[in-house]
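Novice: Given the sequences, and given the hints that come with them, work out the whole structure.
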Amino acid sequence: MDIPPTVIAVRRLTKEFRHWGRRLLALDRVDLEVHRGEVFGLLGANGAGKTTLVKILLGLARPTAGDVLVRGSSPRRPGTRRRIGYLPEGHRFPGYLTGDASLRLFGRLAGVPEKALDARIPELLELVGLGERRRDRVGRYSKGMTQRLGLACALLDEPDLLFLDEPTDGVDPVGRRHIRDILLQTREHGTTIFINSHLLSEVERTCDRVAILHEGRLVRQGTVQDLTAPSRRFRLRLADGQSMLPERLAEDGWRVVTNNGHLEIEVADLEALNRLVDRLRADRRLIAEISPVRTALEDVFIEVVEGEEHSPGSLENGSRTGVHGPGGDR
Amino acid sequence: MKTWALIVDTWREALARYTLLGFLAVSSLFLLILTFALNLDIVDGALAAGTLFGKAFDLPGKGPAIDTVVVTGQSVFAGMLYVLGVFLAVFATGSQVPNLQHRGTVDLYVTRPIGRTHLLLGRFLGAATLVTANLLFLCGGVFVVISLKTHVWNARFLAASGLILTVFLSYLGFMYLIGVLTSSTPLSIMLPYALYLLSLPLAAHDRVAAAMDSRLAASTIHTLYWVFPKTAEIGRDLTTYVLGKATPAFVPLATTVMFGAACLAVAVVAFNRKNF
Numbered sequence: 014m015d016i017p018p019t020v021i022a023v024r025r026l027t028k029e030f031r032h033w034g035r036r037l038l039a040l041d042r043v044d045l046e047v048h049r050g051e052v053f054g055l056l057g058a059n060g061a062g063k064t065t066l067v068k069i070l071l072g073l074a075r076p077t078a079g080d081v082l083v084r085g086s087s088p089r090r091p092g093t094r095r096r097i098g099y100l101p102e103g104h105r106f107p108g109y110l111t112g113d114a115s116l117r118l119f120g121r122l123a124g125v126p127e128k129a130l131d132a133r134i135p136e137l138l139e140l141v142g143l144g145e146r147r148r149d150r151v152g153r154y155s156k157g158m159t160q161r162l163g164l165a166c167a168l169l170d171e172p173d174l175l176f177l178d179e180p181t182d183g184v185d186p187v188g189r190r191h192i193r194d195i196l197l198q199t200r201e202h203g204t205t206i207f208i209n210s211h212l213l214s215e216v217e218r219t220c221d222r223v224a225i226l227h228e229g230r231l232v233r234q235g236t237v238q239d240l241t242a243p244s245r246r247f248r249l250r251l252a253d254g255q256s257m258l259p260e261r262l263a264e265d266g267w268r269v270v271t272n273n274g275h276l277e278i279e280v281a282d283l284e285a286l287n288r289l290v291d292r293l294r295a296d297r298r299l300i301a302e303i304s305p306v307r308t309a310l311e312d313v314f315i316e317v318v319e320g321e322e323h324s325p326g327s328l329e330n331g332s333r334t335g336v337h338g339p340g341g342d343r
Numbered sequence: 255m256k257t258w259a260l261i262v263d264t265w266r267e268a269l270a271r272y273t274l275l276g277f278l279a280v281s282s283l284f285l286l287i288l289t290f291a292l293n294l295d296i297v298d299g300a301l302a303a304g305t306l307f308g309k310a311f312d313l314p315g316k317g318p319a320i321d322t323v324v325v326t327g328q329s330v331f332a333g334m335l336y337v338l339g340v341f342l343a344v345f346a347t348g349s350q351v352p353n354l355q356h357r358g359t360v361d362l363y364v365t366r367p368i369g370r371t372h373l374l375l376g377r378f379l380g381a382a383t384l385v386t387a388n389l390l391f392l393c394g395g396v397f398v399v400i401s402l403k404t405h406v407w408n409a410r411f412l413a414a415s416g417l418i419l420t421v422f423l424s425y426l427g428f429m430y431l432i433g434v435l436t437s438s439t440p441l442s443i444m445l446p447y448a449l450y451l452l453s454l455p456l457a458a459h460d461r462v463a464a465a466m467d468s469r470l471a472a473s474t475i476h477t478l479y480w481v482f483p484k485t486a487e488i489g490r491d492l493t494t495y496v497l498g499k500a501t502p503a504f505v506p507l508a509t510t511v512m513f514g515a516a517c518l519a520v521a522v523v524a525f526n527r528k529n530f
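Protein chains in written order, with the numbering used here: chain A, 14 to 343; chain B, 255 to 530.
Simulated from the structure, these hints should not be mistaken for lab results.
As the structure is a computational prediction, the values presented were derived from the model and not from experiment.
Certain hints may be false.
Said to hold, decoys possible - Selected chain B positions facing chain A (in silico; Cβ < 7 Å):
| no. | residue |
| --- | --- |
| 1 | K256 |
| 2 | D263 |
| 3 | E267 |
| 4 | T359 |
| 5 | D361 |
| 6 | L362 |
| 7 | V364 |
| 8 | R366 |
| 9 | P367 |
| 10 | I368 |
| 11 | G369 |
| 12 | N529 |
| 13 | F530 |
As the list claims (entries may be wrong) - Example chain A residues on the side facing chain B (calculated, C-beta under 7 Å, incomplete):
| no. | residue |
| --- | --- |
| 14 | P91 |
| 15 | R94 |
| 16 | R95 |
| 17 | L122 |
For every residue, glycine included, the Cβ atom is placed at its ideal position computed from N, Cα and C.
Specialist: So, in structure tokens, the structure goes:
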């Protein structure tokens with residue numbers, strides 16, 4: 014199948030749920046594009062609308078308004094979902110199936126030929142670390158094991174587009190790293206990956222580009238590099254045995270913050286930074302390190318969300334709480 | 255292959271939830287009782303003596319022709335199997351759609367490259383094969399046991415299992431509709447039983463409507479009669495058919511099938527439109 018450069022195109026997507034006469038706006042005119050081969054992260058607090066967006070992208074739910082194209086066609090068409098992997102949040106495999114039988118069932122439903130399944134199922138179960146438990150019933154699996162089985166199921170069809178909704182939910186740190194490695198490996202094969210998560214550090218490590226969804230609106234998007242671009246803040250470390258009191262620098266007009274034992278100094282521009290170096294050298298201080306401080310994605314996220322909540326245009330909290338749509342996260 | 259996968263999945267589910275074993279156990283018990291509790295002595299094509307649970311029948315003079323005894327007995331059994339078969343089949347398949355629609359499970363099925371209509375009808379076909387196999391075991395078993403004991407082979411009795419299956423499939427369509435709309439296993443089982451019971455008074459809809467004071471109530475009774483499955487009438491037709499007295503009336507059977515088909519069609523539409 015020829016994959017267009019824009020794998021996912023969302024235009025003014027709106028989703029409204031009605032529940033006993035109450036209306037709930039889960040998505041509000043969302044515009045989004047995901048490009049071929051990209052690892053895209055959708056961020057948002059619980060209830061921001063992330064799962065609803067993913068469900069619409071997979072044809073599980075219908076949009077109220079707007080257009081959604083996945084690889085150039087509607088996700089409601091069964092053919093569109095060929096070679097798309099999906100790991101749903103809180104998925105539940107039929108407990109009566111073994112790990113092996115689960116993959117065979119969903120592989121057959123995906124139209125994977127029987128011979129390919131014979132080879133691929135043991136390979137995938139080994140990859141996710143379930144090789145020895147393949148004949149156990151899924152009902153006996155731990156949450157982390159179920160999550161890994163879900164990942165194997167999502168990879169079954171050798172997908173060129175992979176949707177992962179909270180992929181590391183319930184997985185221990187070792188398992189999380191394992192999942193991350195598998196995703197990076199998958200990406201090397203050219204698979205476009207759409208990750209839906211509120212684990213920001215995971216997203217920061219894995220994604221090329223992210224979007225932040227807040228109360229159904231897309232409030233920021235860009236590359237991880239851009240969003241976490243170096244600020245005007247620099248970390249300064251003097252050689253061992255040398256110190257510089259922050260108060261003294263502050264007296265000289267520098268904006269200084271102490272962070273984890275380091276001095277972080279905010280400067281207007283590089284000229285100002287060099288003046289500071291001159292000043293320190295004039296005092297015969299030996300500088301061991303000067304490095305720009307990058308903003309963590311978590312800081313960006315919190316700043317954006319808090320900014321939205323305090324902005325006059327933001328939705329009233331009460332209008333969006335209390336009612337949930339079919340998706341746990343909306 | 256997708257349809258086959260859905261049929262296999264239905265069987266696995268029934269096996270894992272013990273509904274298949276339960277159905278087979280009850281059917282086997284029924285067959286064992288029939289095999290060991292009923293003993294007949296046939297002399298010159300007539301029933302000379304017989305015991306049920308060790309107790310002898312009273313047969314005045316020369317007994318009736320064995321053919322008459324067997325066909326009458328089969329007619330009674332057909333009526334019993336009609337009630338028991340549908341009752342067990344509804345119970346065995348009531349959880350199918352609600353289980354499919356469990357949150358977290360339905361996502362795994364519906365996001366595969368398979369149409370929702372295909373998915374639902376594949377499960378329906380799975381349930382149909384499951385119940386067909388069970389009914390053939392039950393009805394076929396009774397047929398074989400009685401025929402071997404009496405050497406009277408009344409094929410009408412076997413054909414009656416087709417009628418039982420037809421009525422059940424109509425109920426299955428209704429169960430699928432309830433399952434899709436409510437995702438509730440208790441409702442998917444209770445409402446078909448309620449419909450089953452409702453068919454008893456509705457079979458006498460002319461007399462019930464005549465006793466009504468208002469024309470609206472009388473019309474409602476008639477409408478309900480025409481819309482809902484005519485389970486009681488088909489049951490009566492079934493027993494007379496096994497006796498060889500009449501073929502089942504077309505209209506009750508056709509309208510019952512139409513009810514099931516309409517319910518299944520609405521279930522498919524609702525399933526296709528549903529947000530998960």
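Novice: For every hint, state whether the structure bears it out.
Specialist: Taking the hints in turn, this is what the structure says about them:
no.	hint	verdict
1	K256	6 Å, holds
2	D263	6 Å, holds
3	E267	6 Å, holds
4	T359	5 Å, holds
5	D361	4 Å, holds
6	L362	6 Å, holds
7	V364	6 Å, holds
8	R366	4 Å, holds
9	P367	4 Å, holds
10	I368	5 Å, holds
11	G369	5 Å, holds
12	N529	4 Å, holds
13	F530	5 Å, holds
14	P91	5 Å, holds
15	R94	4 Å, holds
16	R95	4 Å, holds
17	L122	4 Å, holds
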